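Asker: Position chain B against the provided structure of chain A, taking the given hints into account.
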Amino acid sequence: MDLNRVNEMRRLFFILAFALTTACATPTPRVDLSNTPPTSNPRGALTVYAAASLTGAFTELGAAFERAHPGTRVEFNFAGSQELVTQLAQGAHADVFASADLKNMDALQKQALVADTPQVFARNKLVVITPQDNPAGIHALQDLAKPGIKLVVANQSVPVGNYTLQVLAKLAADANYGAGFQDAVLQNVVSQENNVKQVASKISLGEGDAGVVYSTDAQTAADRVRILDVPDAFNVLALYPLATVKGAGNPSLAHEWIAFVLSPPSQAVLNKYGFLPPG
Amino acid sequence: MNANESLPRSDVRFNAGRTLFLVFAGLLVIFLTLPLIALALRALPLGLDAWMSQTTLAALQLSLATATISTLVALAIGTPVAYLLARKEFVGKKLVDTLIDLPMVLPPAVAGIALLMAYGRRGLLGPTLSGLGIELPFTTAAVIFAETFVAAPFYVRSAKAGFGAVDRKLEQMSALLGVSDLKTFFRITVPLAAPSLVSGLLMTWARALGEFGATIMFAGNFPGRTQTMPLAIYSGLESNLDSALALALILVVVSFGILFAVRAVSPKGLTLA
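Taken in order, these protein sequences are the chains called A and B. The first sequence maps to residues 984 to 1262 in my numbering. The second sequence maps to residues 580 to 852 in my numbering.
Bound conformation, chain A alone (with noise of 0.2 Å):
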């Protein structure tokens, strides 16, 4: 055979390998990456981790404060704050926490990666929420202890499954429900969700009877749920602290959005998503 050809071939072989393994090296994630920030934090660019129940507000919010801060860009990781405290442990780079309850905010301080003093800046509360056509004919707080109604729940390692057990224990402390409602509706547990959004998800695809969820989750589901309010007196008052995470790469842009989002037009948007004031 010719040797330039052979040479040639050869020159030919190593490009094709090195084109394979290169593509192949290349990470094809198997993993959703999508919860990776930026590992470099360009000047204007602010991370903000963020509860799940916050997706529609923040979104929202996030565009207001890029318009009101040109060149800035807001980069949202929404999760169950659990989750997030997890990831930031983890050494992940956010500059803003915001969490929904204060027992994960108080688990991030204490592995010291909160920078500064965390601020409530809304509350939320409980409701149940059913199918539009309520399958199992749920009226009152009292039908979920009703034998064999499939009732959806956040685990209890999030906060609004934390939220969901203090309501059934006082519930329970009440003579109108009685000692034995809190395990007759356990036992109706079907699902322990890994986030409030897919509690709402399950009740809205009408696959579960009923679902305990945020009142600002089942206002973004208005259109295919029904809403069964919980009494204050039963009710837990979820606070949502925010405050900056210590290693920000952009500490400045965090704490203008920390204000940003105590600022009155801010809390009317996050009204708008019902939620309650801060009090």
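It should be emphasised that the hints constitute simulated quantities derived from the structure, not laboratory data. Values in this document were obtained by computation on a predicted structure and should not be read as measured data. Built from N, CA and C at the ideal position, the CB exists for glycine as well. Treat the hints loosely; a few may be bogus.
[What the hints assert, rightly or not] Computed from the model, here is a short list of chain B residues facing chain A with C-beta under 7 Å:
(1) 697
(2) 701
(3) 800
(4) 818
[Stated by the list, open to error] Which residues of chain A face chain B? A partial, calculated answer using Cβ under 8 Å:
(5) 1066
(6) 1140
(7) 1152
(8) 1175
(9) 1177
(10) 1190
Answerer: Then chain B, alone, in the frame of chain A:
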């Protein structure tokens, strides 16, 4: 033409190329194994609590049971399809073939939502199933549905290749000797295709064991009922990291063992799905 003259020069170039080649090959191996090693380093020193916790054991038990049942279902309903696809010509064969492969490339979330649309309470068959007193979502049966949906194609593909590679002359000879078709199938075809059938079953089992997205969407997440190992890992990431690490390492070791076994039983020249 004398090729020897130019050999040394080409050797030098070859060595440089080979070094580069090996470096890249090494990078890939490191890239793929490092996370697994890191996982093992964190999980191995964990105490008995993590390995034997209620969550770990319940998830392990549920996963083994559902993956095994899903694999048996795939065997039962996948074998005839694989045989037909390997042997017969029929209208729409390409279409059926493609449809069966489809779940392998679909994102599990798509599988999950599609299963809900079909078998959910509001799904296509939901009212019919309800009429029969069957409600699938949030049950262990839903887990098996999800796992079978995403994993069965691995068996069908492998079995199809296996049946296709069996020497037809041996079957014809068996028929000439007056042996019934069914007997021929079980005495001649199946044993000859056995390596492909077994490796297909192993792949199906491994895929079923790792199923996550379709399960969490269609079956929900309840310990002991629908919380399989991948779901327990996901939930545990927040509440019980040790148990999640232990389960993750178990899954890695089991999956590695299965892939290794598949290579051992795979017939030469036959590639897997």
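Asker: The structure should be examined with respect to each hint, and the outcome stated for every one.
Answerer: Hint check:
1. 697: This interface hint is violated because 13 Å lies over the 7 Å limit.
2. 701: holds (4 Å)
3. 800: Where the cut-off is 7 Å and the nearest Cβ of chain A is about 5 Å from residue 800 of chain B, the hint holds.
4. 818: With Cβ-Cβ at 4 Å, under 7 Å, it holds.
5. 1066: holds (5 Å)
6. 1140: holds (4 Å)
7. 1152: This hint is violated: residue 1152 of chain A lies away from chain B, its Cβ roughly 19 Å from the closest one there, beyond 8 Å.
8. 1175: holds (5 Å)
9. 1177: holds (6 Å)
10. 1190: holds (5 Å)
Violated hints, listed in ascending order, are 1, 7; each of the other numbered hints is respected by the structure.
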